[in-house]
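Heads up, the sequence shown is in the working numbering, so the first residue is 2 and it goes up one at a time.
There's no promise every hint is true.
[Unchecked claim] Label-pair ranges, simulated between beta-carbon atoms:
#1 Q48 / P5: 25 to 33 Å
#2 Q8 / S211: 33 to 41 Å
#3 P5 / E240: 46 to 54 Å
#4 D166 / E27: 38 to 46 Å
#5 E106 / T38: 19 to 27 Å
#6 E88 / A243: 43 to 51 Å
#7 A144 / R13: 33 to 41 Å
#8 R13 / A236: 47 to 55 Å
#9 Y254 / D166: 29 to 37 Å
#10 N180 / E240: 17 to 25 Å
These are computed hints drawn from the structure, not numbers from a lab. For glycine and all other residues, C-beta sits at the position ideal for the given N, C-alpha and C.
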Amino acid sequence: MSFPILQKYLARLSDGVASSIWLDQEGKAQGRFFNCTMTSAFQPIRQLDGNRVVAYEGLARSVSAQDQGLSLWKLLDHAASDDESIELDRLCRMLHAINFFRQAEAAAADLYLNVHDRLLSAVSSNHGHAFRRILDALELPLARVVLQLPAATPQQGWLLNYVSDNYRRNGFRFAVNVNSPRAALAVLDRLRPDVFKLDVRDLREEDGVSALLQRCAAAGVAVVFRRLETPPQLAALRELHAAAGGALLVQGYLLDAPHALLRQPAQRAA
2 MSFPILQKYL ARLSDGVASS IWLDQEGKAQ GRFFNCTMTS AFQPIRQLDG
52 NRVVAYEGLA RSVSAQDQGL SLWKLLDHAA SDDESIELDR LCRMLHAINF
102 FRQAEAAAAD LYLNVHDRLL SAVSSNHGHA FRRILDALEL PLARVVLQLP
152 AATPQQGWLL NYVSDNYRRN GFRFAVNVNS PRAALAVLDR LRPDVFKLDV
202 RDLREEDGVS ALLQRCAAAG VAVVFRRLET PPQLAALREL HAAAGGALLV
252 QGYLLDAPHA LLRQPAQRAA
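Just need the whole structure built from these sequences, with the hints factored in.
Take a look at the structure:
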C-alpha cells in the first residue's frame, strides 16, 4: 500500500479501536447509519476508445456475503433530517475513500464521489472543507477525488455556483450531472467543471451532443455517458465518437456491475 498513514489507521480499526467505522474479516471498511450496516461498491468509468478504466464511482451498499448489496442511499436519505443527511453523506465519502485507496488497483484511477442534492443547501459553511481535512489527515491524494454535483434547476443556478466555487477553493475537481446537452452548454462557461455526466439516453439530442463534445474538447472538460446498458446504446456512442472526435468516457451495467473489489481492465473488459 502506498499510503502509510491510511495503513496505520486501518491497523487501528482492525485492533478494535472504538469508531463509527470498522473493518470486516476481509479488510473492507463498514459503517452504520439508522441501524443499517453499509460498505462501498465501485463501478468503473472507462474510455470508450480502448476500454481503459480511468476512474471508479463509489456507491453505498448494504453488506452482503455475495458482494451484491442493495443500494441504501434513497431509503436512508428519505428517513433522515437535513443534519442526519449531512452525516450520512460524510460517512459514505469516508467509507469510499478508505475502501478505494486501500486497494493496489486504485493506483492509476480517480475516485468519483456523489454530492447529494440535499447537501447543496443543508451545508451552511465551507463546502468540502471537512472532507479535505479527512483526506489530508490520512495523506490521501486530493487531486484524484472528483466530487459529483447533482443536476439542478435553473432556479438553483446560484447554489451550484456557490458550492462549486467552494469545492474548487478547497482543491477538489468536480463533475456536474446534467439532464441534457443543452443544460450542459448553458453552464459550461459559468461553472467551468472538470467533468460533465450525461445519461446515455440523452443521445436523442444528437446535434446538442456534438456541439457539447466540441466545446468540451476545446475547454479540456471530460464527458462521461452513464447508464450504458444496451448494445444499441454502445453502438450509438461509437458512431458519435467517430463523428465528433474527442475522448468519451462511459459507465454502466453493460460494461461493469459495481463491486467491492476493484478489477483490472483486462479482467472486466467488455
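To see whether the hints hold, each was checked on the structure:
1. Between Q48 and P5 the C-beta distance comes to about 31 Å, which sits within the given range of 25 to 33 Å.
2. A beta carbon spacing of about 47 Å between Q8 and S211 contradicts the range 33 to 41 Å that was offered as a hint.
3. Between P5 and E240 the C-beta distance comes to about 47 Å, which sits within the given range of 46 to 54 Å.
4. In this structure, D166 and E27 meet the distance hint of 38 to 46 Å, their C-beta atoms being roughly 40 Å apart.
5. Between E106 and T38 the beta carbons are some 24 Å apart, a value that agrees with the proposed interval 19 to 27 Å.
6. For the pair E88 and A243, the supplied restraint of 43 to 51 Å holds, since their beta-carbon distance comes to about 46 Å.
7. As the Cβ distance of A144 to R13 is approximately 26 Å, the hint placing it in 33 to 41 Å is violated.
8. In this structure the supplied range 47 to 55 Å holds for R13 paired with A236, their Cβ-Cβ distance being about 50 Å.
9. Hint check: Y254 to D166, Cβ distance near 34 Å, so the stated range 29 to 37 Å holds.
10. Distance hint check: the CB atoms of N180 and E240 are about 22 Å apart, consistent with the given range 17 to 25 Å.
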